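*Asks:* Sequence:
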Amino acid sequence: DEDGDGDEDREPGRAAAEGAGSNHAGHDANGATSGAGRAREILPWLKLSASLDPQRVQTYVVGAFFLRNMGKDEQAEIFLREGLRENPASHEILTELGKLCLDQHKDPARARNFWEAGLRHWKAQELGKPEDQRNTLAYATLLGNLAKLEESQGRFTRAIDYLTELKGVSPNKEALTRWISELQGRAAGAAPR
Numbered sequence: 104d105e106d107g108d109g110d111e112d113r114e115p116g117r118a119a120a121e122g123a124g125s126n127h128a129g130h131d132a133n134g135a136t137s138g139a140g141r142a143r144e145i146l147p148w149l150k151l152s153a154s155l156d157p158q159r160v161q162t163y164v165v166g167a168f169f170l171r172n173m174g175k176d177e178q179a180e181i182f183l184r185e186g187l188r189e190n191p192a193s194h195e196i197l198t199e200l201g202k203l204c205l206d207q208h209k210d211p212a213r214a215r216n217f218w219e220a221g222l223r224h225w226k227a228q229e230l231g232k233p234e235d236q237r238n239t240l241a242y243a244t245l246l247g248n249l250a251k252l253e254e255s256q257g258r259f260t261r262a263i264d265y266l267t268e269l270k271g272v273s274p275n276k277e278a279l280t281r282w283i284s285e286l287q288g289r290a291a292g293a294a295p296r
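The opening residue of the sequence shown carries number 104 in our numbering; numbering runs sequentially from there.
It should be emphasised that the hints constitute simulated quantities derived from the structure, not laboratory data.
Among these hints, one or two may not hold up.
Said to hold, decoys possible - What follows is a list of derived Cβ distance ranges for each label pair: (1) Met173 with Asp210: 20 to 26 angstroms; (2) Asp156 with Asp264: 36 to 42 angstroms; (3) Glu234 with Ala192: 42 to 48 angstroms; (4) Gly288 with Pro147: 21 to 27 angstroms; (5) Lys150 with His208: 33 to 39 angstroms.
Source: prediction; values computed, not measured.
Virtual Cβ for every residue (Gly too), placed ideally from N, Cα, C.
Based on the provided sequences and hints, a complete structural model is requested.
*Replies:* This is the structure we're talking about:
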């Protein structure tokens, strides 16, 4: 068709109704960029950034976030793996790969492997720093992910170990104490008699 929007095969009324409120560039009727449009606009820049500075871990993490929000989990995994090749000791990329394995692939064993590797790398990189300079959020995230995973797999003792470690850095010690007590009860009930 003459306006180049590819609507020539649809009924005129239907094409107008389907296009109402947005255009083909990812903008709404007022010209504001939609979420998917913003992601499409930023991804080429993130990929360029990764090629120019492959050691910048956040580029891969942010790029994967946008790809996953667009429903492109396979591309997110490819991008994260590219980042891991460039940054094999990145606990941030390992954390994201673990989430993707669990959420998308429903593969708790692979998620565990990524998170355990991430935890080892976090400790190697961060424990030598002064406490106030450590990335404790990343540490807490890894410990929490591992604790939830182990609990879901019925491995209560391992979950308790991770939660005990998490308690050392978390401001929410009461909730963790309750969670640990609950798991201790479940572990006692699951023990063979």
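*Asks:* Hint numbers the structure violates, sorted upward?
*Replies:* The structure breaks hints 3, 4, 5; every other hint is satisfied.
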